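S.K.: Using the working numbering, read the sequence shown as starting at 3 and increasing by one per residue.
Quick caveat, the hints were computed from the structure, so don't treat them as lab data.
On a predicted model such as this, the values are computed, not experimentally measured, just so you know.
By construction, the Cβ of each residue, glycine as well, lies at the ideal position given by its N, Cα and C atoms.
Keep in mind that a hint or two might mislead.
[Said to hold, decoys possible] Under the rule of at most 30 Å between Cα atoms (straight-line distance), these lysine-lysine pairs were calculated in the DSS-like manner:
#1 Lys123 <-> Lys98
#2 Lys48 <-> Lys89
#3 Lys123 <-> Lys48
[What the hints assert, rightly or not] Cβ pair distances, simulated, as ranges:
#4 Ala4 <-> Ala84: 33 to 41 Å
#5 Gln140 <-> Asp41: 29 to 37 Å
#6 Ala84 <-> Arg265: 34 to 42 Å
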Amino acid sequence: MATIDPIGSYVAQWGEGPLWWQDRLMYVDIERGRVLQLDPLTGEEKMWDVSDRVGRVGTVVPRSDGGWLVAGDSGLHFFDPASGETKAIVDPESDKADNRFNDGKCSPDGRFFAGTISLVKSEGDAALYRLDPDGSCQVAFEGVTNSNGIVWSADASTCYYIDTPRREILAFDYCSESGQLSSMRVLLSTAAVDASPDGMTIDSEGRLWVAFCHGACVVCYDPKTGKAVHRVDFPCLETTACAFGGSNLDELYVTTGIHATVREEHAGRVFCVRGLGVTGVTAHAFGAYTTPQNRRDD
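Take the sequences, apply the hints, and build the full model.
M.R.: Next up, the structure:
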């Protein structure tokens, strides 16, 4: 029997982008422009306010040579949690005042993929971008409205991606050598859930776990069949993103936000789900190549 518990004391206005790294949960509070780190074992919480440099911050990922990488209103930035200093990298949509960076993650070959969102819901006006370890930034996929969850299969040959208004999970062939996405197709529809697909993670069996904004749930899909195989319900509407963590990667951490009109006791808290009987996969850092599972380097 799975248990669902709020953890930590921080209440985010809009929690997002959870990622398990070095025995800590990293995530962001988008609207307050804060980067957070939580130790579930001790309850220790750390917070960095980057709103004056980054603005609203959509995601955070670790760097292989130390420090983190954040994406937000003013583009992509390196961030040093020890000093609190940031260094601007690139802002590919500096001409679009109504867009900002949203969710993003690193591929197994160390590239950072992060997409933008049109805050005025201008269809197709946002994009998914790829930042390579050499500092170059390219458009990876165009015609996006609200870029959200992104993950890779165990062998790194497939990339799964969510552009929220589509209410679908897209799949691409992925080339680790070039970082190119190709052969886009619709993997499955999420329309059976009357809510918006948001952040996403993948488990060790290749199943996709999707948090539904306005839906108070996380749903697990089998990409082989396109069917929902499990659902976890939560006591607050704005379930925004999820990540496996814990010492055995068998705990599901879920970020939440505060609903605009509905008052909920634990809204904005991080939830920990234990007892699901599944495990996740290790997160990837920017600039660090990880040999994909099921692939040999001869």
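S.K.: Taking 34 to 42 Å as the hint, is the beta-carbon distance of Ala84 and Arg265 inside that range?
M.R.: 38 Å, holds
S.K.: Does Lys123 pair with Lys48 here, judged by a C-alpha cut-off of 30 Å?
M.R.: Since the Cα atoms of Lys123 and Lys48 sit roughly 33 Å apart, the hinted pair is violated (cutoff 30 Å).
S.K.: Do the beta carbons of Gln140 and Asp41 sit within 29 to 37 Å of each other?
M.R.: 36 Å, holds
S.K.: The hint says 33 to 41 Å between Ala4 and Ala84; measuring C-beta to C-beta, is that right?
M.R.: Because 37 Å falls inside the window, the suggested range holds.
S.K.: Below or equal to 30 Å on CA atoms is what counts here, so check Lys48 against Lys89.
M.R.: Holds. Lys48 to Lys89 sits at ~20 Å (cutoff 30 Å).
S.K.: If you draw a straight line from the CA of Lys123 to the CA of Lys98, is it 30 Å or shorter?
M.R.: 13 Å, holds
Going through the hint list in order, the structure does not satisfy hint 3, though it satisfies all others.
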